[in-house]
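Peer 1: Whatever position you read off the sequence shown (first residue = 1), add 4 for our numbering.
Simulated from the structure, these hints should not be mistaken for lab results.
Worth double-checking, as some hints may not be accurate.
Each computed DSS-like pair below joins lysine-lysine, with the alpha-carbon atoms no more than 25 Å apart [stated by the list, open to error]:
| # | residue 1 | residue 2 |
| --- | --- | --- |
| 1 | K25 | K70 |
| 2 | K51 | K113 |
| 3 | K63 | K138 |
| 4 | K48 | K63 |
Keep in mind the model is a prediction, meaning the values are calculated, not measured.
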Amino acid sequence: NYDYQSKYLAEISFREDGSSKFASNKQWGFFPSASLGWRISQEKFWKNISALSFINDLKFRASYGKLGDDAASTYQFITGYNYPASGSYNQLPGGSVFNETFINALQSKGIANPNLTWYASETYNAGIDLVAWKGLLGVTFDVFKRDRSGLLASQILSLPSVVGAVLPQVNLNSDRTQGFDMEVTHKNHIG
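Use the sequences and the hints to build the structure in full.
Peer 2: What follows is the structure in structure tokens.
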């Protein structure tokens, strides 16, 4: 954090996260964020303009942040078999009956994807904070955009039925959320 004379504000952070849900060469992700603020109402030139004296606080700010998420992946890089195999009816184990004895079956975990990794969410924000007439009017306005990339999906291809498996999930999709928020406040004391 950095604050110079309550005028110039900065905050920088970063994190490096690791997850065992990914193959060893994809386990770590670096996720930085930063924000800047400028309280223009604390500048000398602003305070010398008498027409603006009704504005007690005015701040411009902007931020950027990147986060990673491993929640969608479930160790899809691991190869091998499930025992007993899971059946389809009431989650009974898969298998067969031989000589009046039920024999559990093995089931392949499917095609592994050792390249699966974090999906990332990048968020951008710009805003204004205003307080006027000693709190009688307050306005906060924000514009934001969040872009997520690397969301899991399966490619639309088919494998021959003799393979006996479906294609694994890959970091294929993305999405965007954007918009604005506005808040208006009023504070007053009587008596």
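Peer 1: I'd like to know which numbered hints this structure contradicts. Please list them from smallest to largest.
Peer 2: Of the numbered hints given earlier, the structure breaks just one, which is hint 2.
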